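Protein chains in written order, with my numbering: chain A, 1 to 118; chain B, 1 to 118; chain S, 1 to 118; chain V, 1 to 118; chain R, 1 to 118; chain D, 1 to 118.
Quick caveat, the hints were computed from the structure, so don't treat them as lab data. Treat each hint with caution, since some may be false.
No copy is singled out in the list; a pair is fine if it fits within one copy or between any two copies.
Stated by the list, open to error - Calculated lysine to aspartate or glutamate pairs in the EDC-like style (CA-CA distance at most 16 Å, straight line):
#, residue 1, residue 2
1, 110, 10
2, 44, 15
3, 44, 113
4, 32, 17
5, 84, 117
Every value quoted in this text rests on a predicted model; they were computed, and no experiment measured them.
6 protein chains.
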Amino acid sequence: MAKKKENSIERFMKDREELNAIVMKYAGLPIKRFYSLDTQVFRKGALPTSTKELLGLVASFVQRCDDCVKYHLGRCHEEGLSTKEVEEALAIGLIVGGSITVPALRRALKAWDELVDG
Amino acid sequence: MAKKKENSIERFMKDREELNAIVMKYAGLPIKRFYSLDTQVFRKGALPTSTKELLGLVASFVQRCDDCVKYHLGRCHEEGLSTKEVEEALAIGLIVGGSITVPALRRALKAWDELVDG
Amino acid sequence: MAKKKENSIERFMKDREELNAIVMKYAGLPIKRFYSLDTQVFRKGALPTSTKELLGLVASFVQRCDDCVKYHLGRCHEEGLSTKEVEEALAIGLIVGGSITVPALRRALKAWDELVDG
Amino acid sequence: MAKKKENSIERFMKDREELNAIVMKYAGLPIKRFYSLDTQVFRKGALPTSTKELLGLVASFVQRCDDCVKYHLGRCHEEGLSTKEVEEALAIGLIVGGSITVPALRRALKAWDELVDG
Amino acid sequence: MAKKKENSIERFMKDREELNAIVMKYAGLPIKRFYSLDTQVFRKGALPTSTKELLGLVASFVQRCDDCVKYHLGRCHEEGLSTKEVEEALAIGLIVGGSITVPALRRALKAWDELVDG
Amino acid sequence: MAKKKENSIERFMKDREELNAIVMKYAGLPIKRFYSLDTQVFRKGALPTSTKELLGLVASFVQRCDDCVKYHLGRCHEEGLSTKEVEEALAIGLIVGGSITVPALRRALKAWDELVDG
Numbered sequence: 001m002a003k004k005k006e007n008s009i010e011r012f013m014k015d016r017e018e019l020n021a022i023v024m025k026y027a028g029l030p031i032k033r034f035y036s037l038d039t040q041v042f043r044k045g046a047l048p049t050s051t052k053e054l055l056g057l058v059a060s061f062v063q064r065c066d067d068c069v070k071y072h073l074g075r076c077h078e079e080g081l082s083t084k085e086v087e088e089a090l091a092i093g094l095i096v097g098g099s100i101t102v103p104a105l106r107r108a109l110k111a112w113d114e115l116v117d118g
Numbered sequence: 001m002a003k004k005k006e007n008s009i010e011r012f013m014k015d016r017e018e019l020n021a022i023v024m025k026y027a028g029l030p031i032k033r034f035y036s037l038d039t040q041v042f043r044k045g046a047l048p049t050s051t052k053e054l055l056g057l058v059a060s061f062v063q064r065c066d067d068c069v070k071y072h073l074g075r076c077h078e079e080g081l082s083t084k085e086v087e088e089a090l091a092i093g094l095i096v097g098g099s100i101t102v103p104a105l106r107r108a109l110k111a112w113d114e115l116v117d118g
Numbered sequence: 001m002a003k004k005k006e007n008s009i010e011r012f013m014k015d016r017e018e019l020n021a022i023v024m025k026y027a028g029l030p031i032k033r034f035y036s037l038d039t040q041v042f043r044k045g046a047l048p049t050s051t052k053e054l055l056g057l058v059a060s061f062v063q064r065c066d067d068c069v070k071y072h073l074g075r076c077h078e079e080g081l082s083t084k085e086v087e088e089a090l091a092i093g094l095i096v097g098g099s100i101t102v103p104a105l106r107r108a109l110k111a112w113d114e115l116v117d118g
Numbered sequence: 001m002a003k004k005k006e007n008s009i010e011r012f013m014k015d016r017e018e019l020n021a022i023v024m025k026y027a028g029l030p031i032k033r034f035y036s037l038d039t040q041v042f043r044k045g046a047l048p049t050s051t052k053e054l055l056g057l058v059a060s061f062v063q064r065c066d067d068c069v070k071y072h073l074g075r076c077h078e079e080g081l082s083t084k085e086v087e088e089a090l091a092i093g094l095i096v097g098g099s100i101t102v103p104a105l106r107r108a109l110k111a112w113d114e115l116v117d118g
Numbered sequence: 001m002a003k004k005k006e007n008s009i010e011r012f013m014k015d016r017e018e019l020n021a022i023v024m025k026y027a028g029l030p031i032k033r034f035y036s037l038d039t040q041v042f043r044k045g046a047l048p049t050s051t052k053e054l055l056g057l058v059a060s061f062v063q064r065c066d067d068c069v070k071y072h073l074g075r076c077h078e079e080g081l082s083t084k085e086v087e088e089a090l091a092i093g094l095i096v097g098g099s100i101t102v103p104a105l106r107r108a109l110k111a112w113d114e115l116v117d118g
Numbered sequence: 001m002a003k004k005k006e007n008s009i010e011r012f013m014k015d016r017e018e019l020n021a022i023v024m025k026y027a028g029l030p031i032k033r034f035y036s037l038d039t040q041v042f043r044k045g046a047l048p049t050s051t052k053e054l055l056g057l058v059a060s061f062v063q064r065c066d067d068c069v070k071y072h073l074g075r076c077h078e079e080g081l082s083t084k085e086v087e088e089a090l091a092i093g094l095i096v097g098g099s100i101t102v103p104a105l106r107r108a109l110k111a112w113d114e115l116v117d118g
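Just chain A, same shape as in the assembly:
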């Protein structure tokens, strides 16, 4: 079972790190600054980090970016968001984005299932 997990979320995080290393090998200043900004915008402010992660999740979900969705689901889990909160956020994404987001919804809930059952 641990192995199964390694095939999806854990493996995704490893691949992501390896690929980010390649990005940093080639990145000029604008790409580096964009990466830094992408971290900064999710930091606690007037909105708590957990709400910001839900916003990042839904923004990625409606644009059907599977990798972005997986990353934000991992962060939502770390921030202690409940299954019901994540499901409600994805339901908004589904109604806003329509049935073309259904395949992304399937993959998102499979990833969440591993995160909470893992």
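Given the coordinates of chain A, assemble chains B, S, V, R and D onto it according to the supplied hints.
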């Protein structure tokens, strides 16, 4: 100044109602059910209505749907969200969606400006 | 009332022609060939023209291209498609494309309303 | 050869079912209602089911949703649509959606090839 | 005729400045940094500024962001790009993005027409 | 190591050819003409081929079409574009398209890494 306001958010809400009446004149059951579902998904659940409205705002914003953004900004204002909370949500939308969302950001903050100054 | 019509569909068709003249002033061979291909692909084949126009309508609608939608609605009207057929096609577009297509749906049904009442 | 088939369309349908089971494990009322609406909108009405499936196909295709395209191709095959009809629908999708849909076109015609040769 | 021009490109630039002032009234650090990065990425590097502006033009064009397209056309004009160079870049955008970019193409070439005839 | 290469860019090019053969098996005249137009628009004109390939790269990148990006990276490499030129083009794509293009950026730079190290 009241007149100026009528030219944007207030006028938008009036036009929206008129056009929705035309939609309902033609709508079969699936369109009617979709409208109802679109209301239902934003109701208070595990997440408060205010968070759901921010999610609807950002989901619309990254897809650059000006009318959807205006509508959700109006709802965010009604739910008592602060300027800082709305700005932080839009900043996430900007980083996720990139510079092609900048024109939508300009129009969103102009609409918000009227809502809070109105 | 004739005047009211002139403000939307009729006016749209005039503006479209004027702007297409500007496109042709500047267009090299690839743009000209694309325009020709865009006409050719909607010609009667195994599928009748009316079905092809519905396909063009829905393909444009889910991508929220108001001008494309107006154009195909005009063609659907010329091909004698019924209000119910057009409404069912748009309902599919709404479910596939989600609530961000609602503003496009409003404008589409307003344009159709003028076409059938005109 | 039967095995080869199992690797694509048949396998896709099995994976889809497994993932839909996970969706239903977590789905609240709005997601369940959306699924139901998504079935309802493709039922025979003024337009025959076969035309509705072509509309679903093209709407998914221009948004490059491979899983949606595969599903609708399977349905088009069940509804007895001919290769020429499906090809003409995809050609409209290609002209409307441009060369970024070419990879989706390749995968769609490979899936269709298996369906008709299977 | 000068007045006519004021109604499109010149007016667009004025409106843009006014709206950017509203953005800056509300912007927190991430939005400000994004604006700065958006300027920085178009500066001369291994690629000349003129090529970078064509890249910004086409990236905006395929996503049908009229305001972004107008802005980059203005910059292309300032950088001394020829009509033929701009037309060839837009032709690539048209083939990549498909017929749903045609309305954006019409508006782009109208704007260019004013810039070169102005 | 040569084998590793075969698993990505080289393999991609082989798969692409095989799938294009299936497309041509089914393609009617409009699809064939579109393919031909897609070749024609990238030919040397007022703009050199290398600039056109960068435009194709960025247009594909902002729409997150991985296969299109890989193809244009291969062509950029053949045209002798430098790593710095390609990186600057992708940086523009990242700022225009936002963080949802980051996964496409990772895959693009991994593909480029193989092309230049191969």
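Hint numbers the structure violates, sorted upward? Hint check: 2, 3 fail, others pass.
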